[in-house]
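Colleague: Listed here are the chains, written in short residue letters.
Protein chains: 2
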Amino acid sequence: MEKEFVKSITAMDKDFAQWYTDVVTKADLVDYSSVRGSMIIRPYGYALWENIRDALDGMIKETGHENVYMPLFIPESLLEKEKDHIAGFAPEVAWVTHGGSEELAERLCVRPTSEVLFCEHYKNIIHSYRDLPKLYNQWANVVRWEKTTRPFLRTLEFLWQEGHTAHETDEDAHEETKRMLDVYATLLEDYLAVPVVKGQKTEKEKFAGAKFTYTVESLMHDGKALQSGTSHHLGDGFAKAFGINYLDREGKLQHVHQTSWGMTTRVIGALIMVHGDDRGLVIPPKVAPTQVMIVPIAQHKEGVLDFAYGLKERLSGAFRTGIDASDKNPGWKFNEYEMKGVPVRLEAGPRDIEKNQVVLVRRDTGEKLIATLDEVEEKLGALLTDIQQNLFDRAKELLEKKTSVAENMEQFKERLESNPGMIKAMWCGKRECEDKIKEETGATSRCIPFEQEKVSDTCVCCGGKAESMVVWAKAY
Amino acid sequence: MEKEFVKSITAMDKDFAQWYTDVVTKADLVDYSSVRGSMIIRPYGYALWENIRDALDGMIKETGHENVYMPLFIPESLLEKEKDHIAGFAPEVAWVTHGGSEELAERLCVRPTSEVLFCEHYKNIIHSYRDLPKLYNQWANVVRWEKTTRPFLRTLEFLWQEGHTAHETDEDAHEETKRMLDVYATLLEDYLAVPVVKGQKTEKEKFAGAKFTYTVESLMHDGKALQSGTSHHLGDGFAKAFGINYLDREGKLQHVHQTSWGMTTRVIGALIMVHGDDRGLVIPPKVAPTQVMIVPIAQHKEGVLDFAYGLKERLSGAFRTGIDASDKNPGWKFNEYEMKGVPVRLEAGPRDIEKNQVVLVRRDTGEKLIATLDEVEEKLGALLTDIQQNLFDRAKELLEKKTSVAENMEQFKERLESNPGMIKAMWCGKRECEDKIKEETGATSRCIPFEQEKVSDTCVCCGGKAESMVVWAKAY
Ligand SMILES: [Zn+2]
Ligand SMILES: [Zn+2]
Numbered sequence: 001m002e003k004e005f006v007k008s009i010t011a012m013d014k015d016f017a018q019w020y021t022d023v024v025t026k027a028d029l030v031d032y033s034s035v036r037g038s039m040i041i042r043p044y045g046y047a048l049w050e051n052i053r054d055a056l057d058g059m060i061k062e063t064g065h066e067n068v069y070m071p072l073f074i075p076e077s078l079l080e081k082e083k084d085h086i087a088g089f090a091p092e093v094a095w096v097t098h099g100g101s102e103e104l105a106e107r108l109c110v111r112p113t114s115e116v117l118f119c120e121h122y123k124n125i126i127h128s129y130r131d132l133p134k135l136y137n138q139w140a141n142v143v144r145w146e147k148t149t150r151p152f153l154r155t156l157e158f159l160w161q162e163g164h165t166a167h168e169t170d171e172d173a174h175e176e177t178k179r180m181l182d183v184y185a186t187l188l189e190d191y192l193a194v195p196v197v198k199g200q201k202t203e204k205e206k207f208a209g210a211k212f213t214y215t216v217e218s219l220m221h222d223g224k225a226l227q228s229g230t231s232h233h234l235g236d237g238f239a240k241a242f243g244i245n246y247l248d249r250e251g252k253l254q255h256v257h258q259t260s261w262g263m264t265t266r267v268i269g270a271l272i273m274v275h276g277d278d279r280g281l282v283i284p285p286k287v288a289p290t291q292v293m294i295v296p297i298a299q300h301k302e303g304v305l306d307f308a309y310g311l312k313e314r315l316s317g318a319f320r321t322g323i324d325a326s327d328k329n330p331g332w333k334f335n336e337y338e339m340k341g342v343p344v345r346l347e348a349g350p351r352d353i354e355k356n357q358v359v360l361v362r363r364d365t366g367e368k369l370i371a372t373l374d375e376v377e378e379k380l381g382a383l384l385t386d387i388q389q390n391l392f393d394r395a396k397e398l399l400e401k402k403t404s405v406a407e408n409m410e411q412f413k414e415r416l417e418s419n420p421g422m423i424k425a426m427w428c429g430k431r432e433c434e435d436k437i438k439e440e441t442g443a444t445s446r447c448i449p450f451e452q453e454k455v456s457d458t459c460v461c462c463g464g465k466a467e468s469m470v471v472w473a474k475a476y
Numbered sequence: 001m002e003k004e005f006v007k008s009i010t011a012m013d014k015d016f017a018q019w020y021t022d023v024v025t026k027a028d029l030v031d032y033s034s035v036r037g038s039m040i041i042r043p044y045g046y047a048l049w050e051n052i053r054d055a056l057d058g059m060i061k062e063t064g065h066e067n068v069y070m071p072l073f074i075p076e077s078l079l080e081k082e083k084d085h086i087a088g089f090a091p092e093v094a095w096v097t098h099g100g101s102e103e104l105a106e107r108l109c110v111r112p113t114s115e116v117l118f119c120e121h122y123k124n125i126i127h128s129y130r131d132l133p134k135l136y137n138q139w140a141n142v143v144r145w146e147k148t149t150r151p152f153l154r155t156l157e158f159l160w161q162e163g164h165t166a167h168e169t170d171e172d173a174h175e176e177t178k179r180m181l182d183v184y185a186t187l188l189e190d191y192l193a194v195p196v197v198k199g200q201k202t203e204k205e206k207f208a209g210a211k212f213t214y215t216v217e218s219l220m221h222d223g224k225a226l227q228s229g230t231s232h233h234l235g236d237g238f239a240k241a242f243g244i245n246y247l248d249r250e251g252k253l254q255h256v257h258q259t260s261w262g263m264t265t266r267v268i269g270a271l272i273m274v275h276g277d278d279r280g281l282v283i284p285p286k287v288a289p290t291q292v293m294i295v296p297i298a299q300h301k302e303g304v305l306d307f308a309y310g311l312k313e314r315l316s317g318a319f320r321t322g323i324d325a326s327d328k329n330p331g332w333k334f335n336e337y338e339m340k341g342v343p344v345r346l347e348a349g350p351r352d353i354e355k356n357q358v359v360l361v362r363r364d365t366g367e368k369l370i371a372t373l374d375e376v377e378e379k380l381g382a383l384l385t386d387i388q389q390n391l392f393d394r395a396k397e398l399l400e401k402k403t404s405v406a407e408n409m410e411q412f413k414e415r416l417e418s419n420p421g422m423i424k425a426m427w428c429g430k431r432e433c434e435d436k437i438k439e440e441t442g443a444t445s446r447c448i449p450f451e452q453e454k455v456s457d458t459c460v461c462c463g464g465k466a467e468s469m470v471v472w473a474k475a476y
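Top to bottom, those sequences are chains A and B.
In terms of our numbering, the first sequence is numbered consecutively and its last residue is 476.
In terms of our numbering, the second sequence is numbered consecutively and its last residue is 476.
Be aware that a few hints might be false.
A pair counts as met if it fits within one copy or between any two copies, since identical chains are not told apart.
Stated by the list, open to error - With a Cα cut of at most 20 Å, we get these calculated SDA-like pairs of lysine to any residue:
hint : residue 1 : residue 2
1    : Lys81     : Ser33
2    : Lys424    : Pro449
3    : Lys61     : Glu50
4    : Lys83     : Pro112
5    : Lys123    : Ser33
Everything labelled a hint here was simulated from the structure, so no lab data went into it.
Construct all of the structure, not just a fragment, from the sequences and the given hints.
Modeller: Now the structure itself:
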């Protein structure tokens, strides 16, 4: 037996950023490369992404959307057609200036998002109300020239889906904007076990070119918020800039009303920072690449490996099942699959075989259970359901614990300091107050929640008449 | 009822290139954009790609490979590490020189293929024979700066998978090279119903940096060949350039042996040009986005639409089933779904309902069948199997009909002229003869087939001693 040292990670409380870096690399999710700010998504990380992608893709198709694929490059003149949009994205795009040895007559940007390409296409294919709605989605890589990067959270290139739809009326587009935000909330809460706050972005924080932006915001273990998915009502601004017209039911020429919405590999960062602990990753069963990992005990003894492989065969139909029959010792293996956040470890040794049983150990609580062979599927299924629910409940509790109310700036600062997390506070609606809060506290407006509470009568910043309750937080 | 004009396409025999363009655009597979040489893959085209991708991804995973994701950009210095490789790709890459408003210190190429990124990563993660083999695959977009482009066949950007593996021995890598070529052959023959010739590329035609390249070549309706998938034995050239070493079972430091293999959206071009006819696309049932399209007849009559929707509901569990209940007339619909290559049309009108039956019309032969309601699943299933087989048989027959033997250059030219297609001819192995054949006939060496036949004793070009039989053809 080869001696293997247990990998160790920095404690969360000691250095959360280092804890995160340790987890993503030591759990084999990513590796770095010589390409600045880009990451290699390793097999374990990519299998996790495939599960998330497939769940989301299923919901996107169920709600009537079709997948398409648009070009990677956007000619500069096309990007410039919608003025707010180009102003928002120009500072952070990568430019292709040469093809082979030739300099290009017009430079091409590597798509940071694909609104303008969809608009150009929609102009070609939409003519009548009969062509509407157009409900398209694309899975793609996009590039934004970020200065500071961290795996999953902020990278030069990332993977995402971007939905782009066109509708007859503003109301139809509004319905779509809400519908897709709900799909994102379902993915986060029901699959990733990450509770979210749903709401609208302020004017300052909305998407470049949008009428308004809806968002789902989640809260990490360190009290920072993470924007986890956004859905934009684009109004008819792009339609006017691109001339996307249709003949309506009365034969009148109208502009279409559009939406766009996106969710990215960033949600893996949310999953890690919401559920992870000092032993590593904790992955919710619904998206876990491996739901149960079989670790044979005293595997050199007769019958153990046969028994373990028999279980693997038997369980694989119903659960994503792994087995580690390598010659590393069980202690190393326990540590490794805890680090990788596998929801359940199944131990099977000579004494278990004798008693016709196995031991199930849950990752979230460390609790051990005995299951006899005839009840193993049933108990395992129930355990996975319970783990999924427990992760959500724990995260929900944390979100509530880390949410404070502030009525004035003194309270705001004190509470953000003593209990880092989300601050609910009233806002007058003025940009100056929003800017001032950021400047003085480091917290930004995360959203104006759909579920409003009147926590005070006056703006937390200026004391003026309050317009709405805003959730504020420091954010990734 | 709105009047709709039937879309028409150019006849194949009249202008094959125009026929192809008509089919890809009028069957709604692609659209053009203002991005030169790139295509928009529309919902119908993308659904076809998803089916092909999922079938191939399943086989790639079954053979033990794992999916990963590598960065889009490659620093110039990294691309330059393997000399043959950079020489092959430098003339056709796109260069990013600016990020936002800053000029980059080192320019980045948009990946034309990812060997060097995998090599850099393998150097990091491979240390011992215990780490081998590494069997990785990636689904991605790549860019090659092509001058002349055509949808699917040759585009600036295309979608593909690229496998990259590392092994202990040259033999292991050789086995892998063969295994993945067989996977490609299976995908083409069993799913796309496209028969292939398997063989090895000549030195001239092999991949830049490879020891040798295996290929599957298929033959289009117009007698031109299409390289449909390649599998490269990379030897240890990249390992030496990148320093990818491992401690072998005897504790000695060794270079790994590598392979890479790729298949692209190009195979959609093969499918179109092998099976299509003057009425449009013909899609093999196994990858068809819609396998059966229900067209209600006299749908304004009572009960017809209910009946048709009932069938849709009933058949959807077992078959990818569509329904067109729009107010376009049945003639338009027949034409539309023939154009789109849907394998089976199901007609249901008042008289069919009365008789408890439906009419099934196959796209490949136009043959009509009556199926009573209690046998519709069974007959439909058998029909789809039969269509799949018939498409392959027809294509195989065409391939054989369009394959000639030539013993000298006069025969070569005459046969290529009178029966455009593949020419089997002996070759001495010299580059000069290969070049001369291309210059005089326009045909290139497609491969040295694994199944050799001695069609003559001497080289078709120089009359020298023949080394092997080569298949030659004009190619896309
Ligand atoms: Zn205020
Ligand atoms: Zn010769």
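Colleague: Give a verdict on every hint.
Modeller: Here's how the hints hold up against the structure:
1. Lys81 x Ser33: between (35 Å within a copy, 15 Å between copies)
2. Lys424 x Pro449: So Lys424 and Pro449 pass the 20 Å test inside one copy only (10 Å; across, 72 Å).
3. Lys61 x Glu50: both (16 Å within a copy, 13 Å between copies)
4. Lys83 x Pro112: within (15 Å within a copy, 33 Å between copies)
5. Lys123 x Ser33: Intra 40 Å, inter 11 Å, cutoff 20 Å: inter-copy only.
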